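S.K.: One-letter residues, chain by chain:
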Amino acid sequence: MTTADKPRLSRQTMCDRLAMEFQDGWIVNLGVGMPTLCSNYLESEPDKEIIFHSENGVIGFGPLAPAGEEDRHLVNAGGQNVVALPGMAIVHHADSFGIIRKGMVDVTVMGAYEVSENGDFANWRIPVRKGGGIGGAMDLAACAKRVFIAMEHNQRNGAPRVLKQCTLPITAPGVVKLLATDLGLFEITEDGFVLREHAPGWSPEDIQEQTEAKLIIADDLREMRVRPA
Amino acid sequence: MKNKVFPDFDSAVADMKDGMTFMSPGFGNVGLARNLLAAVHRLGVKDLTGISNNAGSLDDRVDVGTLIEARQVKKMICAFTAPTHPSQITPFVQMYNDDELDAELVPQGTLAERMRAAAAGIGAFYTPASVGTELAEGKEHREINGRTYVLEYPLPADFALIRAYRADTFGNLQFRLTQRNFNPVMAMAADITVVEVEDSIVEPGEIDPDCVHVPGIYVDRLVKIPEDGIWD
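Taken in sequence, the protein lines are chains V and X.
For the first sequence, my numbering gives the first residue as 1, with consecutive numbering after it.
For the second sequence, my numbering gives the first residue as 1, with consecutive numbering after it.
Among the hints, a few may not be true.
Quick list of in silico lysine-lysine cross-link-like pairs, DSSO-like style, CA-CA up to 27 Å [what the hints assert, rightly or not]:
1. X:Lys75 x V:Lys130
2. V:Lys130 x X:Lys46
3. V:Lys130 x X:Lys224
4. X:Lys75 x V:Lys145
5. V:Lys130 x X:Lys2
Calculated from the structure, these hints are not laboratory results.
Because the structure is a prediction, the values reported are computed rather than measured.
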């Protein structure tokens with residue numbers, strides 16, 4: 001078996017690992033797509049109270065609404081119907097981004113096409129056609145207290161997405177704090193790009209082989225922690 | 001007192017002219033004035049500039065994309081000028097890539113704040129969003145207390161096409177849950193604000209003044225959505 005064929009982590013495991021970092025009372029904004037899986041993790045830590053914020057102005061919403069119980073006026077950032085929780089509040093769009101720019105969002109979790117070793121990331125434009133899909137990503141990336149990224153480690157053709165420098169137009173410079181991929185957990189520190197946890201069966205050398213950025217191996221490197229059973 | 005209640009959607013937008021700018025709210029398919037957009041489609045005005053979070057979806061429902069597909073729009077100002085998934089080729093994406101219409105891509109928070117600036121008489125403002133990216137290129141930068149910001153200008157419009165939950169005949173508006181989204185800033189930023197109302201248009205005094213989301217002084221026209229109108 002070549003390195004590239006070894007089993008990789010699931011998207012849920014990647015998002016579970018990032019959600020494990022959320023602290024009680026944090027205001028959390030989850031990007032559309034893979035990052036929404038982070039909310040599933042919280043079932044395993046019911047004592048942790050997380051306040052979910054979505055850019056359409058809803059603060060303190062709950063999980064996806066069960067079929068038949070949707071409220072047509074209540075959706076999350078992905079347009080999915082969610083459940084109202086006691087204490088939920090609504091503001092208009094300009095105030096919702098006021099919350100973001102003020103720095104009240106403790107962490108935003110987003111997907112990306114590329115992350116560079118200095119913490120730049122790119123997630124709004126691919127060169128196939130004109131324009132891009134920014135949505136609220138630039139406001140969140142520039143202003144949230146922490147930016148976490150969940151992303152597959154390699155492109156479909158095997159090319160690395162974790163680079164020395166992004167090749168695509170970036171969303172914000174130097175903001176990524178933590179990156180979970182299907183190969184491990186990486187922290188961007190003042191010293192550089194640190195491999196903290198690895199997927200089962202993957203050595204630091206295996207992971208470096210799939211990575212353009214220069215990895216610093218954490219002294220306490222360990223296997224990726226997963227959701228408590 | 002001027003009567004703000006109009007009998008139908010067509011009469012409420014009848015004076016929209018070629019070349020005008022309109023605002024269309026909505027997020028995640030909630031809170032868009034689909035009946036008013038359908039009326040603008042029937043009116044057939046052209047060379048419009050649209051301000052909206054996105055430039056239409058792939059489904060068959062009436063949205064900004066309906067006007068784009070009918071070639072009534074010459075420019076979109078929005079937070080998405082490419083699909084979030086490469087397979088989603090909307091009429092806008094096709095026409096934009098064929099250089100058949102123009103677009104200005106704006107980060108979503110900057111888009112909302114530019115409308116609020118227009119609504120609030122602000123000349124311009126500095127925001128940290130987009131600093132260090134290609135969207136900030138050519139814009140005035142300023143360092144304030146050690147942080148870099150870019151200068152952004154207000155975004156006004158001739159018309160705002162608004163969806164509200166409830167109104168009174170003065171035009172005081174209430175929204176329900178995330179239907180609110182861009183509706184208040186757009187209603188307050190535009191010269192002529194036209195509102196389609198879901199639940200009811202009640203007498204003045206029936207909405208608690210403390211529970212008014214947009215004061216009626218910003219609102220020009222109200223139309224109750226009939227039972228056979230477009231709801232979602």
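S.K.: Now look at each hint and say whether the structure bears it out.
M.R.: Hints and how they fare:
Between X:Lys75 and V:Lys130 the CA atoms are separated by roughly 14 Å; this keeps the pair inside 27 Å, and the hint holds. Restraint check for V:Lys130 and X:Lys46: satisfied, since their Cα atoms lie roughly 24 Å apart, inside the 27 Å limit. With a C-alpha separation of about 39 Å, the suggested pair V:Lys130 and X:Lys224 falls outside the 27 Å cut-off, and the hint is violated. In summary, the hint linking X:Lys75 to V:Lys145 is not supported, as the alpha carbons are separated by about 35 Å, beyond the 27 Å threshold.
Between V:Lys130 and X:Lys2 the CA atoms are separated by roughly 46 Å; this puts the pair beyond 27 Å, and the hint is violated.
The structure does not agree with the numbered hints 3, 4, 5 stated previously, though it agrees with the rest.
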